[in-house]
Amino acid sequence: MSAVIIARHARTPAERFKDAAWVAFVALLLGIPMVGLTTVDEGGALTVQTRFGMLGAFVGASFAGRFIFRWIMDQVQNRRAAKPPVAKIDRTPQAIKVIGWAVLGASITLPIVFSENRYVIDTATTVLIYVMLGWGLNVVVGLAGLLDLGYVAFYAVGAYTYALLFSHFGWTFWEALLVAGAMAAAFGILLGYPILRLRGDYLAIVTLGFGEIIRVILVNWTELSNGPNGIGSIPRPTLFGLPFERNPAEGTQSFATFFGLEFSGMHRIIFLYYLILVLALLTNVFVARLRKLPVGRAWEALREDEIACKAMGMNVTNVKLSAFAIGAMLGGFAGVFFAARQGFISPESFTFTESATILAIVVLGGMGSQLGVVLAALVLVLLPELGRNFSEYRMLLFGTAMVLIMVWKPGGLLASREPTIRLKQAATEGGEA
Amino acid sequence: MSAATLLSVESLTMRFGGLTAIDDLSVSVPAGKITAIIGPNGAGKTTFFNCLTGFYKPTTGSVRLAHPNKGEMRLETMTGHRVARDAQVVRTFQNIRLFPKMTVLENLIVAQHNFLQKASGFSLAGIFRLPGYRKAEAEALKKAAHWLERLGLTDIADVAAGDLPYGTQRRIEIARALCVDPVLLCLDEPAAGLNPRESAELNTLLLSLCREEGIAILLIEHDMSVVMNVSDHICVLNYGRKIAEGTPEEIRNDPQVIKAYLGEDDEDTASGEKAA
Amino acid sequence: MAYALQQLINGLTLGAVYGLIAIGYTMVYGIIGMINFAHGDIFMVSAFIAVTAFTLLAAFDITSLPLALTAVLITAIFFTSAYGWAVERMAYRPLRGSTRLAPLISAIGMSIFLQNMVQLTQGARVKPIPPVLEGGIEIWQSGGFTVQISWTQIMIVVVTVVLMVAFTYLITQTAFGRQQRACEQDSTMTALLGINVDRTISATFMLGAALAAVAGVMVTVYYGVVDFFIGFVAGIKAFTAAVLGGIGSLPGAMLGGLIIGLIEAFWAAYLSPEYKDVATFAILILVLMFRPSGLLGRPEVEKV
Amino acid sequence: MLHMEGVHAHYGHIHALRGVDVTVQVGEIVTLIGANGAGKSTLMMSLFGKPGASSGRIVFDGEDITRVPSHLISRRGIAIVPEGRRIFPRMTVLENLLMGTAFADPANFNADIKRVYAMFPILEERASQRAGTLSGGEQQMLAIGRALMSRPKLLLLDEPSLGLAPIYIKRIFQIIRELNTEHGMTVLLVEQNAHHALRVAHRGYVLQHGEIVLAGTGQELLESPEVRAAYLEGGH
Amino acid sequence: DLAVAIAGPMTGQYASAGDQIRRGAEMAIADINAKGGVLGQKLKLEVGDDACDPKQAVSVANTMVNKKIVFMHGHWCSSSTIPASEVYVEADIPMATVSTNPQVTERGLKNIFRIMGRDDQQGMVAGGYIADKFKGKKVAVLDDKSAYGKGLADEMAKAMTAKGLKPTLRESITAGEKDYSGIVTKLKQAGVEVLAYGGYHTEVALILRQAQQAGLKLTVMGGDTMTNSELVTAAGAAADNVMFTFSPDPRKNPDAAPIVKRFRDAKVEPEGYVMYAYAAMQLFADAATQAKSTKFADLEKTMRGNSFKTVIGELAFDAKGDQKQPGFVVYQWKGGQYDYAAK
Ligand SMILES: Nc1ncnc2c1ncn2[C@@H]1O[C@H](COP(=O)(O)OP(=O)(O)OP(=O)(O)O)[C@@H](O)[C@H]1O
Ligand SMILES: Nc1ncnc2c1ncn2[C@@H]1O[C@H](COP(=O)(O)OP(=O)(O)OP(=O)(O)O)[C@@H](O)[C@H]1O
Ligand SMILES: CC(C)C[C@H](N)C(=O)O
Ligand SMILES: [Mg+2]
Ligand SMILES: [Mg+2]
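Protein chains in written order, with the numbering used here: chain A, 8 to 440; chain B, 2 to 277; chain C, 48 to 351; chain D, 2 to 237; chain E, 3 to 345.
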């Protein structure tokens, strides 16, 4: 509420100065122990080193930064205040549609434009994996409102299922895909069952614990998972049986020889890209359709009010379990793809940080919004990538960005909710039928 | 009272620690009629509803429903959702519990979850939008539209339920409960927050639900202009016990009820004037 | 037997450390109903401040132990509280009134930020201090095995218990504690009753950070080594402890911490240390299945 | 005592108050009536800045409080029984009452709590029960009791009779009158029970779609045909 | 300009190793450029941060491919090196790594050259030393469950057992925790005097400190990660009980003396991986100069066929890409410095 007051009041330069001075003072307090002082190791014992210059620079920068920031914000607000508040027509749904199609178009043409740029396509593939994971987790968190901090467990289950099916039985990607999905779904139910009665943050810690349990088991149960060494040489998916290899086995064709192309590593990269694009789009259609089905509405209703759901005769247990199972299954699919793309998996890829990133994608995107997930995945994957140029500042900037985006858009990047059914439109549709 | 008994509650007791909220209560609710449960604040009315509808497990006692199609059912043994789904005993809440971010129409469609879920082949048929499911959906929509119309909510069907005024939300809750096809509809203070004019409209609605659709109604209400005008039968609770039972006329003049609940008549008596 | 006793002592001390961090967690949770993922990192910051302070004191030749400890505690509490305040002000206050998950994500971002900030400003290397409080008592000897309890261990347990009692009193018995709880349950209404919600929340964060600061100093003294990564594990363990004991309950946080410390010690002592985290989480799940609000958490009865 | 001038308020893009002018004199009971969604609750909450007035002026005791932060408003002597009661469900009844005294003179505490317990004996019986498990009507009594604990100069009551048994409704209106005459408390009252409300009120306003459409003394409004048709009689 | 790259954990838990690599490489590149570069072109260093996360490692690899690097020194963690190498091999980029897991070279990739020994050799040396030196004493084998630590510990246990010294205890701990009093008590109870440890130095320091508090005197045998002087800072005097295996100390290489001095002048102690990074760049510069080309086929042939003089000694590779004379030596810390341990 204090923000509201500030917003209405045109600030004088003196006030702005005072505000910035206060910020500088806080910066000084925070800076003394961290920036101004440090300990260095001089031959086995620590000594304190002072860095007053750096501290000064830090405080000065805080002051200037705050002063300029406030000034700009005030300008913006004044301009906004000058305009009378008009009742805006909510055009978001149309806008979202347009952006959605644009993003789709861009993602289809991307490999054509960047056909020689391995990095771009590979990074885009990573983005799509996260998009798919985000869409999967969105079912659990965004729609059903169940906080899941251990989503990575299902991703791991999918990846390891494929890796193990391959290494023990020689199953291919396509054969393993469905089994791995089912396996992950089973794990989803396994996790869901004991925690049906938990709410909110209790759910969070238990799911987090579940993710850790899976990871610790993968690390320690060496006979099964090869422990921390991971499983390698996982085969890449083929295109209807055509592998992407330079030297196909005797008497078989590879993609390059079949189409009479010269072998290039890019073929596989592009193929993997389109594969995950298709998987992700299928996920999207699947989830979007589910949302308009009774289960989907039940998930949302559950998020809104569990007790009212019960009073409407809804079996809340089944609804929760179905959310966990379907979310887990989608995570499992993504896991299979991940294993196939990396060719090597180890427990290190399935840490809590990974779960946190996926959750951040869902929340930053705007819970329940499909396009929001895409935007958030783009931001969260590209930020650290772009940040590579800043090397050691990379993760610092990443953390800062996460906070800033949340503060800037607390509801997520795209936060509007589209009804699953409308009276008007439904009536006209019904009329046609 | 010659009508068949729909619900019979026998020696129901509900204790919370040392507090006895319902004390050896026996009530019978006739089919196709409106039965009101009244009583001072804290008498145990809402607790009684909670025991009927599976939200609380009563300490002792039995609740038997003579379901018109399914025979006798023991409600006290059924858990939350089964009371609504199988026994078709549906309730509203004293503190409104809508799905606030969903639209009014969606609220009404969610109430038909079980029917739709089956029709969607547990989503398998639904995901491919097979005709069977589409037909079911159209049917559900028709039912929702019907109740929206009856409760005057058609214009706001596509508005998020949580953004609507209190009185409107009350009506949505009733519409939503009706979408579950109740045999017995339990309303907890449906007129709270309605003005006299709206209460009168509610009266009309309740009467028509009962008389035309044959839905039995169990009503908790403090607004005497509603209770006295629509009830066929009134049951008065105090400290979890039944202190009186009878027609509105009998109850209005029952000295015990006046003392514990209605208060001495004075020039302020709302019941008469409000409905004038 | 002697071995079991020693493991019990180890477990209790470890549990007290978890408990101490968990109290801060649970207190912040109790006021804004949000998991402050950055709490572990605040604790880490305080450990770094403690290291700097100890080193400074050594440089000035201040060797009196009580004096040094007090000075370090005060310094750490002062600066760490400033961090607690700033984190709340920057990352959480702007999110007041949005969904529950928004501050959670912001907290994760803050945690990443703090970790990397410390890594950048203080270096990625571990920071050791020379042993501060040495020695202890030998309690028992049997079969060639001496059971020891060090002064540091005693200090940690005592400090934790004292703080737990003091803060439990603060939260349950004082007007300030009542106002804190009110903020969590309905902040709008709390403001309507004349209470400055922002200030109450800030104060709670500072208190939470002060608790983390005490934990940071204790850990620095006990283990003698800190690095920028210690907040993560400690944070997760403390969070688990808080939930196990019943989030929002201070004695619960303490109890949860002790139980986890004991499970870890004994599981590692008699079964496989590899699976001790699995054991901890499995027990957590088991407990929550039967007591969905944790051991001492009040069951959430929702009257309908 | 209270003076609202051309107050507008919004929820997002919903324009809930469209320039309301309301005045409450010291020692008056003023009532607001209006249909569902007219903006009655919004008007009360806008005094506390939730939602804040986007334009217009609110003056209390000669001071402009339009932009004063919410928590400072109650300290000037305004207390509210809000819509939906908003008791603290996980606190005991006593703690809820104590919350009402955050800025009251502790010397009055014993007298105040006695007065509240006398009004609603059930609260004394249940002093250590968690408020969330109280019955609806008990919660309403608690909300009223909490508001009275701070000895406000101006008491805002948003549908105080909601969920109360008839015997208590009568009590409530008696109490309002008592507070007003014996303790000189000024009251702004929103009621669906317009009959009761207009009868105890010195003056009343009729709110429609966020605008004041009618004002007058209680008696005038009671007799006004528009009011009777719209709010007092069952529509048939 | 020619782009060459290093990759490793520049952030995260193992950032101090990344730091060493960077310093070594920067110095090497400065030196090479000062002498006119390679084939007339100046070298330009690209730094990739994988934080020891396999997924990021692949991403870094792709970035590097895009930057058209001609040589990679890295990655550091075996679990990163393995997946990343599959990217480099397709892009025809040779890499020199210090990752020690056998799988790094066992997969038959032709672009990998390991300028460090392997965990199995390392484990063999360490395990053999323990068996010889501490015959009859109780030895516990402990690891931290990382790919590196567990592999090393397994090899040590194998080698010891082969030489007739069976470990008394075989346990794992979780890296990143602070409290190891449980395991220390367990060691004390079992009367263990020697600890064979597979893992990183941070945990060893804590275990030593806590053992000291518990009145337990432990001798530790570890792997290459114990070169980090953080161990001494953190463990204090107890560090003198730490032995480890490492390639012969490049700082002792008389040929490297001027370089060592230059590092020390720049306030960088050329410990751990610093000199390896330097050597990797030398390896590339020499190979390119000899091959008169930076084409993969030429470089690969030259690297495999010849031997190179670097600051860490002569480098020559076998068909798999392993160093021909890995020569692990047992070291011991003494008063803040490490030196060859008594035979
Ligand atoms: N879960 C619970 N725990 C403890 N006491 C409870 C619980 N639920 C209800 N009670 C108590 O039981 C009594 C009956 O409550 P109930 O809600 O049934 O009253 P009611 O008749 O509906 O009253 P009202 O008309 O005010 O809504 C009340 O005194 C209430 O405080
Ligand atoms: N939190 C909110 N968000 C959006 N719109 C709201 C919100 N609260 C109220 N409104 C809208 O503002 C308008 C005024 O509502 P308000 O609650 O003030 O009416 P009221 O007169 O108190 O109605 P009632 O008699 O039902 O209590 C209504 O149209 C309502 O839909
Ligand atoms: C010591 C380092 C080179 C890293 C470790 N040897 C590994 O391969 O993971
Ligand atoms: Mg009730
Ligand atoms: Mg209202």
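Among the clues, some could well be false.
Looking from chain D toward chain C, a few residues come up when the C-beta cut is under 7 angstroms (computed) [unchecked claim]:
| no. | residue |
| --- | --- |
| 1 | Tyr12 |
| 2 | His14 |
| 3 | Ser55 |
| 4 | Arg68 |
| 5 | Ser71 |
| 6 | Arg77 |
| 7 | Gly78 |
| 8 | Glu84 |
| 9 | Gly85 |
| 10 | Arg87 |
| 11 | Leu95 |
| 12 | Met100 |
| 13 | Phe110 |
| 14 | Lys115 |
| 15 | Tyr118 |
| 16 | Thr134 |
For the record, the hints were derived by calculation from the structure and aren't laboratory data.
These figures come from a predicted structure and were not determined experimentally.
Note that the Cβ used here is the ideal one computed from N, Cα and C, for glycine as well.
Violated hints - listed by number, lowest first:
1, 2, 3, 4, 6, 7, 8, 9, 11, 13, 14, 15
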